[in-house]
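Listed below, chain by chain, are the residues.
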Amino acid sequence: MLITPDDVEGLTRFGCQIADQVVLTREPRFVGDAIAAVVAPSAEAARVAARLVQVSYEETPAVFDHLEAVRPDAPLVHRRHAGSDSDSAYFAMRPQDGTNVCHRFRIRTPQLRGREEPAVIVDLDDPDDALADAFDEADVVVDEVFHTPAAAHVPMEPHATTALWVDGRLEVTTGTQTPFNLRQDLAGIFGLPVESVRVVVPPMGGAFGAKTFVRTEAVVAAAARIVGRPVRCVLDRDEVFGELTRHAATVRVKLGARADGTFVAKRLWAYVNTGAYADCGPGVAQKLGYAGVGPYRIEHVAVDSYCVYTNLPPGGAFRGYGAMQSVWASERVVDLMAERLGVDAVELRRRNLLREGDRFCTGETMHDVRFEELLDAAAAAVGWSRGGERSGLGVAVMLKGMQTPSRAEVRIVSMPDGRFEVQSATADIGQGATEMLTRLAARHLGCGVERVVVCTPDTDRVPYDTRTTSSRSTHMMDRALQEAARDLARHGSVGHGHVTDEGGLDPDTGEGVASSHWHQGAASARLRVDDETGIIDLEDLYAISYAGRVVNPHGAELQQEGSMILGLGTALFEELQFEGGQIVNPNLSDYNIPSSVDVAAIRHSVLEHEGAQVHGLGETAVPPVPPAIGNAVGSLGYRVRRLPLTPERVLDAAEPVKARPTRSEADR
Amino acid sequence: MTISLRVNGRVHDLDVEPEAMLVDVLREHLGLTGPRVTCGVGLCGTCTVLIDGEPVSACIMMTALAEGREITSIEGVADDDPVVAAFDRHHAFQCGFCIPGMVLTARNLIDRGQAGSAREIREGLGGNLCRCGCYVKIVEAIEEAAP
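Quick note, the sequences are listed as chains A and B, same order.
For the first sequence, the residue numbers in the working numbering are 1 to 668.
For the second sequence, the residue numbers in the working numbering are 1 to 147.
Everything labelled a hint here was simulated from the structure, so no lab data went into it.
Every residue gets a Cβ at the ideal spot worked out from N, C-alpha and C, and that includes glycine.
A hint or two may mislead.
[Claimed, not checked] Facing chain A, a subset of chain B residues (Cβ under 10 angstroms, in silico):
id : residue
1  : Glu17
2  : Asp24
3  : Gly40
4  : Phe93
5  : Gly96
6  : Cys98
7  : Ala118
8  : Arg119
9  : Ile121
10 : Arg122
11 : Glu123
12 : Gly127
13 : Leu129
14 : Cys130
15 : Arg131
With the rest of the complex left out, here is chain A (with noise of 0.2 angstroms):
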């Protein structure tokens, strides 16, 4: 049977954080875009029956490039801007009318506020002329453009999804990060109370950000609606990699910094390719902006992030959360900034960094902060020493927010064997939810392991979560089961946790709580560069989180190496390539991901501290991998902008390096 927009004209239009996409559209903004649906007894029977349909198509102009986009004549992608009543749209969007833009994102801090600015900035070199005043006390003024092309999530298995409708009722089973979000969704769609929509989340094969909102859930519950049975999707290898990217983003940093090496302003542009559809791209951009600032005190900080429309395919979560792209761009200025004022690149660092107490961007007040012990611990896992060789040595040290606001309630609930089952909607996607669940209530419950059970997320059982994303599964379950356990000590049968962390930025300052705690983190390499070929031989790569407290070592030093693998696949060559708007490498041939061959340098370790919370480690040791292989390559004298660090690139980036000045100089 095939399904047409025809068909699924009355449901409503959805989309996490902007109400932008329909469930078949007649005007495909992307290749891959769904226009219509084929359903058949078998998949061999679905596959020819969907080659015999005929599409004809109306061509009109497209833009692909996020900074093309952003240009006054660039084609509209939408012709208008829409909101949305998510749950998941957690803070106000700044749309720009008439423009590709369907968020702006601002950092002012307070003396760089109320000034007369254009709306969207549209040159990388763009003057600047409204703040430059923030630059007044700097004596040195770094200001470069960095690169990070879209990349493909792949997880090993592919997106997979069946929907049946019981008695009106949409049933759905999925791989899915965020049932409670999918479930409003899909309610919204089909215009239902919100329980009339059951999600069964069984255990994923990967997601890292892909299995997130609706995916094919609404197409596929669609689709059984019409045909009155259950329907099943699974999504082949190419259509995994067009289903949902990380952005492809442009990161302009200006850094001022006095003689003796205070930073004093900073400046940042970011354009966030989101593709055809927002999907969470709003919240992308704002947590990529505020990443970019960086661990550091600095009096003078703006920010403009801009989510673009363009006719690829959606942009959306991805491990490190849009902090990988600026992070690159903002650990590298660093270095240069180093170089310019030739001082030592930990210590540039060291001098600037954070520390408990001190205010960052946002005016909120820094806690349980630990940047100069993961820096000084990266630096000295590469032999980094005071006036020693830095030839082929990078470090980079990060933060990274957490969903803030966010709320957790799990129920654990006594069965009559003396067992506790836990209920939660935290989702398993291999990254070792459910023995974290079943640690963390058996400690808060004070008995053994063995007689703790995990339901599978099940939103007719399970109580409301957030959703399974930014690492803050952990952090937010441990708090909420510490509540259950008392809650079920005093209660003898059900014992309910219930936490709520408030905050958000305003989106015009960027005023507010960005995150109710920080994921630190901080890398270093050591490496050679084949002056002939360009290919970097990785020495050491290392990286160290903050973890608080760990829960389960091996789940942490797993979450570490997985982290660490991704980031090395980001610095050296994963990139999805497009040709007129279609990824000309969607499969595991053209698009080349980490194999064992490639982790012989990873080492690793985590920061723990007696009586600290339990942080998150699901990806905090990704953003800081691209810029320590980057640092550690610039130290070599090539100077690549543009992520991978390809052998073409890093040739073409070969500048000849200058005489270091010696430790006396610099002193002077």
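Following the hints, put chain B in place on chain A, whose structure we already have.
Coordinates of chain B only, in the frame set by chain A:
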């Protein structure tokens, strides 16, 4: 067409499409979900099965080519297999999607005497991808399991 397949020591007479790939027959006809389809082009190793002891990508192997040969999927590996036990001890998995292929490839590396060092194991596993990034622990597990 009818075909006779010997899988994990049992013989199955099956009626399959001539163009069917082995992985689909194992999954759809025999209910063996250990071999998985990830890349579909024989590059990632999640569909690995052993054919007469040699690792093969079942997603690109025509079913007919497996007739008369001994097919081993992860379901045919004993629970107390030393490689499986070593993976368990080293916590060498996260989502687990790639692990059946990893274990079968590792058994073959060990059988062929090509698991003598971490370097050799890393080379031998080059065709088995894991996006969670469990390689470090997987290599440690195989090093321990190798005699």
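Now the hints, each set against the structure:
For Glu17/B, the shortest C-beta to C-beta distance to chain A is roughly 7 angstroms, which falls under 10 angstroms, so the interface hint holds. For Asp24/B, the suggested interface contact is upheld, since its CB lies about 9 angstroms from the closest CB of chain A, less than 10 angstroms. Against a cut-off of 10 angstroms between C-beta atoms, the interface hint on Gly40/B holds, since the closest Cβ of chain A lies about 5 angstroms away. Satisfaction of the interface hint for Phe93/B is found here, the shortest Cβ-Cβ separation to chain A being roughly 8 angstroms, below the 10 angstroms cut-off.
Checking Gly96/B against chain A by beta carbon gives a least distance of about 7 angstroms; that is within 10 angstroms, so the hint holds. For Cys98/B, the shortest C-beta to C-beta distance to chain A is roughly 6 angstroms, which falls under 10 angstroms, so the interface hint holds. Hint status for Ala118/B relative to chain A: holds, with the closest Cβ pair at about 8 angstroms, below 10 angstroms. With a cut of 10 angstroms, the hint placing Arg119/B at the interface with chain A holds, because the nearest CB-to-CB distance is about 7 angstroms.
A distance limit of 10 angstroms between C-beta atoms decides the matter here; for Ile121/B the minimum to chain A is near 7 angstroms, and the interface restraint holds. Taking 10 angstroms as the C-beta cut-off, the interface hint given for Arg122/B holds, the closest approach to chain A being about 4 angstroms. At its closest, the beta carbon of Glu123/B sits 6 angstroms from a beta carbon of chain A; the interface hint therefore holds under the 10 angstroms criterion. Satisfaction of the interface hint for Gly127/B is found here, the shortest Cβ-Cβ separation to chain A being roughly 8 angstroms, below the 10 angstroms cut-off.
The interface hint given for Leu129/B holds, since its Cβ lies 6 angstroms from the closest Cβ of chain A, which is under the 10 angstroms cut-off. Hint on Cys130/B holds. Least Cβ distance to chain A is approximately 7 angstroms, under the 10 angstroms limit. Against a cut-off of 10 angstroms between C-beta atoms, the interface hint on Arg131/B holds, since the closest Cβ of chain A lies about 5 angstroms away.
Hint compliance for this structure: every hint is met.
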